[in-house]
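The UniProt record's numbering numbers the first residue of the sequence shown as 1 and each following residue consecutively.
The hints are simulated quantities; they were obtained by calculation from the structure and are not laboratory data. Hints may be right or wrong, so weigh each one.
To be verified - The list that follows gives simulated cross-link-like pairs (lysine to aspartate or glutamate, EDC-like), each with its CA atoms no further than 20 Å apart:
#1 K54 to E66
#2 K12 to D39
#3 K12 to E38
#4 K54 to E64
#5 K54 to D39
#6 K12 to E41
#7 K54 to E41
#8 K54 to E38
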Amino acid sequence: MICATKPITACKFIRQVHPDSDKRATPIIALTAGAFQEDREAAMSAGMDGFMTKPIDIGRLQDEIERVMKRMAG
């Protein structure tokens, strides 16, 4: 992702744009090739609402979207 003229990671972008992830109306699911536990932890601590590794399976993506939406609905 390019933001302005500097490359920026998705995690940094989310922290800057949505510092209060619990008040955000639009859920964000990380879709990444990073399959390590630390990748998941970094994404979730940055404010992502879900996490999936590539390649993406449509059924798994639908399940993750439903899980995130249920959690956000409270």
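The hints, checked one at a time:
As the CA atoms of K54 and E66 are separated by approximately 18 Å, the hinted pair is consistent with the 20 Å bound. For the hint pairing K12 with D39, the CA-to-CA distance comes to about 13 Å; that is within 20 Å, so the pair holds. A threshold of 20 Å between alpha carbons decides the hint, and for K12 with E38 the separation of about 15 Å falls inside it, so the pair holds. A distance of roughly 13 Å separates the Cα atoms of K54 and E64; the hinted pair therefore holds under the 20 Å criterion.
For the given pair, K54 sits about 13 Å from D39 by alpha-carbon distance, which is consistent with the 20 Å threshold. The straight-line distance between the Cα atoms of K12 and E41 is roughly 14 Å, inside the 20 Å bound, and the hint therefore holds. Among the hinted pairs, K54 with E41 is consistent with the structure: their alpha-carbon atoms are about 16 Å apart, no more than 20 Å. Taking the CA atoms of K54 and E38, the gap is near 16 Å; set against the 20 Å cutoff, the hint holds.
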